[in-house]
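Place chain G on chain B using the hints.
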Amino acid sequence: MDIGSLTVRAAIDGLRKRQFSSVELTRAVLDAIMARDGVIGAYLWVDEADALKQAAAADAARAGGSDGLLLGVPLAIKDILNVEGQPCTCASKILAGYRAPYDATVIARLREAGAVFAGRTNLDEFAMGSTTENSAIQLTRNPAAPDRVPGGSSGGSAAAVAGGMALAALGTDTGGSIRQPASNCGCVGLKPSYGRVSRYGLVAFASSLDQIGPMTRTVEDASLLLGVMGGRDPRDATTLDRAVPDYAAALGGDLTGLRLGLPKEYFVTGLDPEVARLVQDAVEACRRCGAEIVEVSLPHTEYAVATYYILASAEASTNLARFDGVRYGRRSAVPADTPLDMYLNTRAEGFGREVKRRIILGTYVLSSGYYDAYYTHAQRVRTLIRRDFDEAFKRCDALLTPVSPDPAYLIGATAEDPLKAYLIDIFTVTANLAGICGIAVPCGTTRAGLPVGLQVLAPAFEEGTLLRIGHAYEQAREARP
Amino acid sequence: MAAEEIDVAYVAQLATIRLTDEESRLFQRQIPVILAYMEKLRRLDVSGIEPTSHGHPVYNVLRDDVPTPGLDAERALANAPARMRNTFKVPRIVES
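Which chain is which? The protein sequence lines are B and G, in order. The first sequence runs 49 to 529 under the numbering used here. The second sequence runs 190 to 285 under the numbering used here.
Note that these hints are calculated values from the structure, not bench results. As the structure is a computational prediction, the values presented were derived from the model and not from experiment. Glycine residues also receive a C-beta, built at the ideal position from the N, C-alpha and C atoms. Heads up, a few of these hints could be off.
[As the list claims (entries may be wrong)] When the alpha-carbon atoms are kept at most 25 Å apart in a straight line, the in silico SDA-like pairs for lysine to any residue are as follows:
{"hint": "1", "chain 1": "B", "residue 1": "Lys141", "chain 2": "B", "residue 2": "Arg290"}
{"hint": "2", "chain 1": "G", "residue 1": "Lys229", "chain 2": "B", "residue 2": "Gly417"}
{"hint": "3", "chain 1": "B", "residue 1": "Lys312", "chain 2": "B", "residue 2": "Asp445"}
{"hint": "4", "chain 1": "B", "residue 1": "Lys312", "chain 2": "G", "residue 2": "Arg232"}
{"hint": "5", "chain 1": "B", "residue 1": "Lys442", "chain 2": "G", "residue 2": "Lys229"}
{"hint": "6", "chain 1": "B", "residue 1": "Lys101", "chain 2": "B", "residue 2": "Lys141"}
{"hint": "7", "chain 1": "B", "residue 1": "Lys141", "chain 2": "G", "residue 2": "Met273"}
{"hint": "8", "chain 1": "B", "residue 1": "Lys141", "chain 2": "G", "residue 2": "Pro270"}
{"hint": "9", "chain 1": "G", "residue 1": "Lys278", "chain 2": "B", "residue 2": "Ala381"}
[Claimed, not checked] Short, incomplete list of chain B residues facing chain G, as computed with Cβ under 8 Å:
{"hint": "10", "residue": "Arg147"}
{"hint": "11", "residue": "Ser256"}
{"hint": "12", "residue": "Gly279"}
{"hint": "13", "residue": "Phe315"}
{"hint": "14", "residue": "Ser345"}
Chain B extracted, bound-state conformation (with noise of 0.2 Å):
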């Protein structure tokens, strides 16, 4: 079984066939992982036994009736994410140790339709970064290049998914990432809406940017796996109750009808020449598919990022005030006489560099004197490139964009330098401070042999023009030698 191509859509139709069963094919994917995964390094943990054991529970499952979904798919997923029982690091030192006692709600939605979970996948510490080279625990290379970084934060699912040793796996996009490692690696992203996937269980970062989202190789996979988890949860008030429509069966047809908007923010000075000619040479291809393509405009795209790096620091600042030694992960074995001690020293030796380069930036932004001058205002910001998207919006269906400036970066290039790192994410934080949803889809190589990723954009909740817009332009792209 050749596991490096294999999409969930094949993996479900094959295991009703009863052409091979879930231990087959989870088999696969361990053997796949043995094989390549010493010098990708896309997984922090795997427990073969555990993962063969669900995998003959769900052969059990299917022998005595059963038929979820995604019954015996075996899925990555990024270590941010509680499944019970399994370890949950956010690769960082200071949940080491640590085991989730519950699953969060996208992976009881996945476990109720029959998914295994095989394994845990690097990220940046806490999705952290763009890179996933803050990741306290190991480096993760890039499949289609191992001397380049996966991009990130979700670079360990992205290198799974593209390097053949998952069938698809789960990501947080807090900035763009999902989006920009799948575009960095060569496989699809998908963020949902605010709102449309519970954040229940999801180590909270910044809490009212992060979504939880599949990383696939095909657009008809991701719909498959929302549609499994998106909706309401009573555990998590800030998903909305919305039906969820049967994203994969509404894919199929061309684009005609669709009008789709070019930000002219987007295709500016800085943009990689190769990024730009294949993004182009997608717009192209969804013109071809039937699509009328229009020029607008989102004059606040130059402030989106100062505006989401406040936000998200002093979110972040906040909720990683829970790691303090006491009650889970590690706790500094430096004898300490008073509690403040032993936050303090649990706190330096367990949070790596950029966590506390976030935390220290998050903290002054709320600190008095300064939380107007740099927080209310970020806010306030926030509202205009809102509104930027709501005019864009009017007057088309959906927006494509490059999803990053560059293709990957050689490993230890922006190690020096944060702003530089922060900027990699200038296409993407808008749709997370917009609250919209967003697509990363493969466009194709550089002469480097490195993939890139159209972005297409969508109002909040329209997951489904999303979609079928990604689906369409992939069916395009796979016709055409």
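Coordinates of chain G only, in the frame set by chain B:
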């Protein structure tokens, strides 16, 4: 307010983080550069603009006032770095 005024050591204290001397020096150099970049937001007049705190603000979402099971004590304590009987063990808070 000029961003160069950030006193990293003081802010670290507010954040309950102890930095090494090297980290203090590094952040004292880097964070003003990041804050200087943030200054571009000052160019925007936002008077009269409502702040957005969430993608889709939802308020007062309440469930029915019915008890539901949570984590039992054993599972809640399973990850405790130190425990004593059915409690999390920490350094003494109250002076003897």
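Hints, verified against the model:
no.: 1; hint: B/Lys141 to B/Arg290; in the structure: violated (38 Å)
no.: 2; hint: G/Lys229 to B/Gly417; in the structure: holds (19 Å)
no.: 3; hint: B/Lys312 to B/Asp445; in the structure: holds (16 Å)
no.: 4; hint: B/Lys312 to G/Arg232; in the structure: holds (21 Å)
no.: 5; hint: B/Lys442 to G/Lys229; in the structure: violated (28 Å)
no.: 6; hint: B/Lys101 to B/Lys141; in the structure: violated (29 Å)
no.: 7; hint: B/Lys141 to G/Met273; in the structure: holds (24 Å)
no.: 8; hint: B/Lys141 to G/Pro270; in the structure: holds (13 Å)
no.: 9; hint: G/Lys278 to B/Ala381; in the structure: holds (14 Å)
no.: 10; hint: Arg147; in the structure: holds (7 Å)
no.: 11; hint: Ser256; in the structure: holds (5 Å)
no.: 12; hint: Gly279; in the structure: violated (15 Å)
no.: 13; hint: Phe315; in the structure: violated (21 Å)
no.: 14; hint: Ser345; in the structure: violated (16 Å)
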